[in-house]
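Novice: Chains A and B, in that order, give the protein sequences.
Following my numbering, the numbering of the first sequence begins with 1 at its first residue and continues without gaps.
Following my numbering, the numbering of the second sequence begins with 328 at its first residue and continues without gaps.
It is possible that part of the hints are untrue.
Counterexamples of contact, computed for chain A against chain B with all Cβ distances above 12 Å [as the list claims (entries may be wrong)]:
hint, residue
1, 23
2, 30
3, 138
4, 269
Partial selection, computed: residues in chain A whose CB lies under 7 Å from chain B [unchecked claim]:
hint, residue
5, 88
6, 92
7, 114
8, 118
9, 122
10, 133
11, 134
12, 140
13, 142
14, 149
15, 152
16, 160
17, 163
Listed below are the simulated DSSO-like cross-link pairs for lysine-lysine, each with C-alpha atoms no more than 30 Å apart in a straight line [to be verified]:
hint, chain 1, residue 1, chain 2, residue 2
18, B, 434, A, 264
19, A, 110, B, 434
20, B, 473, A, 70
21, B, 591, A, 107
22, B, 579, A, 107
23, B, 373, A, 146
24, B, 473, B, 585
25, A, 23, B, 621
26, A, 263, B, 437
27, A, 258, B, 437
28, B, 640, A, 46
29, B, 579, A, 146
30, A, 110, B, 397
31, B, 373, B, 591
32, A, 110, B, 585
33, A, 110, B, 591
34, B, 591, A, 146
35, A, 110, B, 640
36, A, 107, B, 350
37, B, 579, A, 110
38, B, 373, A, 264
39, A, 297, A, 204
40, B, 531, A, 107
Hints were generated in silico from the structure; no laboratory data involved.
Note that the coordinates shown come from a computational prediction; the quantities given were computed from them, not determined experimentally.
All C-beta atoms, glycine included, are put in the ideal place defined by N, C-alpha and C.
Number of protein chains: 2
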Amino acid sequence: MSSYWNNYPTIHAKIQNVCTLIKQRAHVRNPEIETAIIDLSLAGGKYLRPAFFFLFAEFGEQKDPIEEAKLTKIATSIEILHMATLIHDDIIDDSPLRRGNMSIQAKYGKDTAVYTGDLLFTIFFELVLESMNGSTYLEVNARAMKRILMGELDQMHLRYNQQQTLHDYLRSTSGKTAELFRLASIEGAYFGGADPIVVRLAGKIGLNIGIAFQMLDDILDYTAASTDFNKPVLEDLTTGVFTLPLLMALHKNPAVFKPLLDKKTQMTISDMHQVQKLVIANDGVQLARELAAKFTKKALMDVKRLPKGETRKQLLKITKYLLRRTI
Amino acid sequence: MSSYWNNYPTIHAKIQNVCTLIKQRAHVRNPEIETAIIDLSLAGGKYLRPAFFFLFAEFGEQKDPIEEAKLTKIATSIEILHMATLIHDDIIDDSPLRRGNMSIQAKYGKDTAVYTGDLLFTIFFELVLESMNGSTYLEVNARAMKRILMGELDQMHLRYNQQQTLHDYLRSTSGKTAELFRLASIEGAYFGGADPIVVRLAGKIGLNIGIAFQMLDDILDYTAASTDFNKPVLEDLTTGVFTLPLLMALHKNPAVFKPLLDKKTQMTISDMHQVQKLVIANDGVQLARELAAKFTKKALMDVKRLPKGETRKQLLKITKYLLRRTI
């Protein structure tokens, strides 16, 4: 785990429990897979989803130790699902890097990557069953898992498509990224024992944070130097995925992009840098930032509607910090 | 669906319902994925696992239409889980063919194959939740899914290992293949409302049928001409998987195999044919057939302990036909 939560000792300790549980569940006879899972879990991920889970759980009443163990399991199930999708995404994208380290598929090959992701899906399944068998939230989890995958599929289906709309982008982003933030927030509030109004608000807040978070990630892909950000720049474009900054610029001035984007898989590195320049020149980054700010503001406004107190203050602070580059 | 069940009109009709449900659930916005799933479901698979599910379900009392729909969902969940593992296995093996057609990864690429498998995992999850939320059988499903994956991982971990034992082979086979036959049989008996003794027997029978079935498949890999059997010959050896006939011959005469197997990924097609000849010359096929016959006999003996009647007769007939080449 990274040092991201050092200033939040309660959250830090709870995330530490999540890390321990991941390590326990990753224990399999195949040492390569076990190492792959543990490496990924230690590779500096921020554990944002479990953190939001635990933050929202604090809106409920105080918990006994049995309840605490259950909350740890649910938070872990969310991080495990996230890890499974990361690993499979890296196969799709042929990504050499993940969290600044070699991706599992680059290090161990696609065979190990496919099965490691699959194993994490089964551990996810196991953890939610252990913690909520009989609850309607099992179906919430199944629906979330499906939405995440549908978001990925939508994105794959839209590759190299210059006709895609902002609505297409929002739908795919709501699935592939925001759904897991929504799930973490809503489950935190629900299983923490919060009021139903708080549970509903939590879902909305999680969704909007997730959307703004993905937009920020997409913006950084067009603005950051590759050393700044733990992954290669313009990675999405390399695989034909047109993210928000490009879409905004493309909608403004389709003609200048057409000759470059028409090349599809034949685009060179120089073509991609050209696209990057055109995105910036056509206000793609600026417009994307404005849209991201709208979602951040929506999230912050809803946070302010939560019950007053220390938790709300923390949530406000963390959300502002996480999305600071959107506002 | 193939014509395999034409002589069993009740089973045939029930499997038809499974096909219809697969088609319904495969409906997604990405037409490539939808086609890939439907193609695979129609490509002449024998639907053995749902068939055993429905056969064992007949040991229970008569069902009302609501119960029938639930049974169809559970049978479908099993076939869907099977399809998901097939698709991901074909990525691992770089298989060009599946069920005599192009594999999904060969036809649409590994990207589509990874996500199609993942989507099927979520549909599996969805179907079991819809049909048995609150039941302890949810955990039975989670454990089964984990065992299947562990079997795959064991097999991957043992590739090119000349020290692997018969116990290693049986453990990996029990997971990757037999577990799903076991799940189908035990769930059929349980959700069909059969007596607990029948449920326990069903699990044992399913497991032994599954083991014999995999052994038969492994034997055919060393004996069939590629036109005979809908996949390339010696496919397992190509990926470093040493199946039963090779293991039996290798244990009998390790020295003759060593120079060939030491070549690992450098083995040529001619080397592999040499291995095949040595397997036959060292009684590998014969010994494998004898071991398979033991598992078939165990299964048949247990079938004979089931309640007398038409269902038992059918089960005996189908099992004998399926495993005829092992006895």
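Novice: Hints first: check each against the structure and report whether it holds.
Specialist: Okay, the hints, checked on the actual structure:
1. Look at residue 23 (chain A): its CB is around 17 Å from the nearest CB on chain B, clear of 12 Å, so calling it non-interface holds up.
2. With a least CB separation of 4 Å from chain B, residue 30 (chain A) falls inside the 12 Å interface cut-off, contrary to its annotation.
3. Annotated as non-interface, residue 138 (chain A) brings its C-beta within 12 Å of a C-beta of chain B; the closest such distance is 5 Å.
4. The Cβ of residue 269 (chain A) sits about 22 Å from the closest Cβ of chain B, beyond the 12 Å cut-off, so the non-interface label holds.
5. The beta carbon of residue 88 (chain A) is positioned within 7 Å of a beta carbon in chain B (closest approach about 5 Å), and the interface hint is therefore held.
6. With a least beta-carbon distance of about 5 Å to chain B, the hint placing residue 92 (chain A) at the interface is held under the 7 Å criterion.
7. With a cut of 7 Å, the hint placing residue 114 (chain A) at the interface with chain B holds, because the nearest CB-to-CB distance is about 5 Å.
8. About 6 Å separates the beta-carbon of residue 118 (chain A) from the nearest beta-carbon of chain B, less than 7 Å, and the hint is met.
9. The interface hint given for residue 122 (chain A) is met, as the beta carbon of that residue sits about 5 Å from the closest beta carbon of chain B, less than 7 Å.
10. With a cut of 7 Å, the hint placing residue 133 (chain A) at the interface with chain B holds, because the nearest CB-to-CB distance is about 6 Å.
11. Interface hint status for residue 134 (chain A): upheld, as the beta-carbon distance to the closest one in chain B is roughly 4 Å, under 7 Å.
12. Below 7 Å, beta-carbon pairs count as interface contacts, and residue 140 (chain A) has none with chain B, the closest being about 10 Å; its hint is therefore violated.
13. Because the smallest distance between the Cβ of residue 142 (chain A) and any Cβ of chain B comes to about 5 Å, under 7 Å, the interface hint for this residue holds.
14. Look at residue 149 (chain A): its Cβ gets to within about 5 Å of chain B, closer than 7 Å, so that hint holds up.
15. The interface hint given for residue 152 (chain A) holds, since its Cβ lies 6 Å from the closest Cβ of chain B, which is under the 7 Å cut-off.
16. Interface hint at residue 160 (chain A): violated, since its Cβ lies 13 Å from the closest Cβ of chain B, which is beyond the 7 Å cut-off.
17. The interface hint given for residue 163 (chain A) is violated, since its Cβ lies 15 Å from the closest Cβ of chain B, which is over the 7 Å cut-off.
18. Between the alpha carbons of residue 434 (chain B) and residue 264 (chain A) the distance comes to roughly 20 Å, so the proposed pair stays at or under 30 Å and holds.
19. Distance hint between residue 110 (chain A) and residue 434 (chain B) is fulfilled; the C-alpha atoms sit about 18 Å from each other, no more than 30 Å.
20. Note on residue 473 (chain B) and residue 70 (chain A): the hinted pairing holds, with a Cα-Cα distance of about 21 Å set against a maximum of 30 Å.
21. The hinted pair formed by residue 591 (chain B) and residue 107 (chain A) meets the criterion: a straight-line CA distance of about 20 Å does not exceed 30 Å.
22. A hinted pair counts as satisfied when its Cα atoms are at most 30 Å apart, and residue 579 (chain B) with residue 107 (chain A) does not qualify at roughly 37 Å.
23. For the hint linking residue 373 (chain B) to residue 146 (chain A), the alpha-carbon distance of about 27 Å falls within 30 Å, and the restraint holds.
24. Distance restraint check for residue 473 (chain B) and residue 585 (chain B): the Cα-Cα separation of roughly 34 Å exceeds the 30 Å cut-off, and the hinted pair is therefore not satisfied.
25. The hinted pair formed by residue 23 (chain A) and residue 621 (chain B) fails the criterion: a straight-line CA distance of about 40 Å is larger than 30 Å.
26. Using a Cα cut-off of 30 Å, the hinted pair residue 263 (chain A) and residue 437 (chain B) holds, with the two alpha carbons roughly 22 Å apart.
27. Distance check on the hinted pair: residue 258 (chain A) and residue 437 (chain B) sit about 28 Å apart at the alpha-carbon level, within 30 Å; holds.
28. For the hint pairing residue 640 (chain B) with residue 46 (chain A), the CA-to-CA distance comes to about 59 Å; that exceeds 30 Å, so the pair is violated.
29. Distance check on the hinted pair: residue 579 (chain B) and residue 146 (chain A) sit about 50 Å apart at the alpha-carbon level, beyond 30 Å; violated.
30. Taking the CA atoms of residue 110 (chain A) and residue 397 (chain B), the gap is about 37 Å. The hint is violated against a cut of 30 Å.
31. A C-alpha spacing of about 34 Å is found between residue 373 (chain B) and residue 591 (chain B), which places the hinted pair above 30 Å, so the restraint is violated.
32. For the hint linking residue 110 (chain A) to residue 585 (chain B), the alpha-carbon distance of about 28 Å falls within 30 Å, and the restraint holds.
33. Under the criterion of a C-alpha separation no larger than 30 Å, the hint pairing residue 110 (chain A) with residue 591 (chain B) is consistent with the structure, at around 19 Å.
34. The straight-line distance between the Cα atoms of residue 591 (chain B) and residue 146 (chain A) is roughly 40 Å, outside the 30 Å bound, and the hint therefore fails.
35. Between the alpha carbons of residue 110 (chain A) and residue 640 (chain B) the distance comes to roughly 46 Å, so the proposed pair goes past 30 Å and is violated.
36. For the hint linking residue 107 (chain A) to residue 350 (chain B), the alpha-carbon distance of about 37 Å lies beyond 30 Å, and the restraint is violated.
37. Of the supplied pair hints, the one linking residue 579 (chain B) and residue 110 (chain A) is violated, its CA atoms being roughly 34 Å apart against a limit of 30 Å.
38. Distance restraint check for residue 373 (chain B) and residue 264 (chain A): the Cα-Cα separation of roughly 41 Å exceeds the 30 Å cut-off, and the hinted pair is therefore not satisfied.
39. With a C-alpha separation of about 12 Å, the suggested pair residue 297 (chain A) and residue 204 (chain A) falls inside the 30 Å cut-off, and the hint holds.
40. About 40 Å separates the Cα atoms of residue 531 (chain B) and residue 107 (chain A), which puts this hinted pair outside 30 Å; it is violated.
Hints 2, 3, 12, 16, 17, 22, 24, 25, 28, 29, 30, 31, 34, 35, 36, 37, 38, 40 from the list above are not met by this structure, while the remaining hints are.
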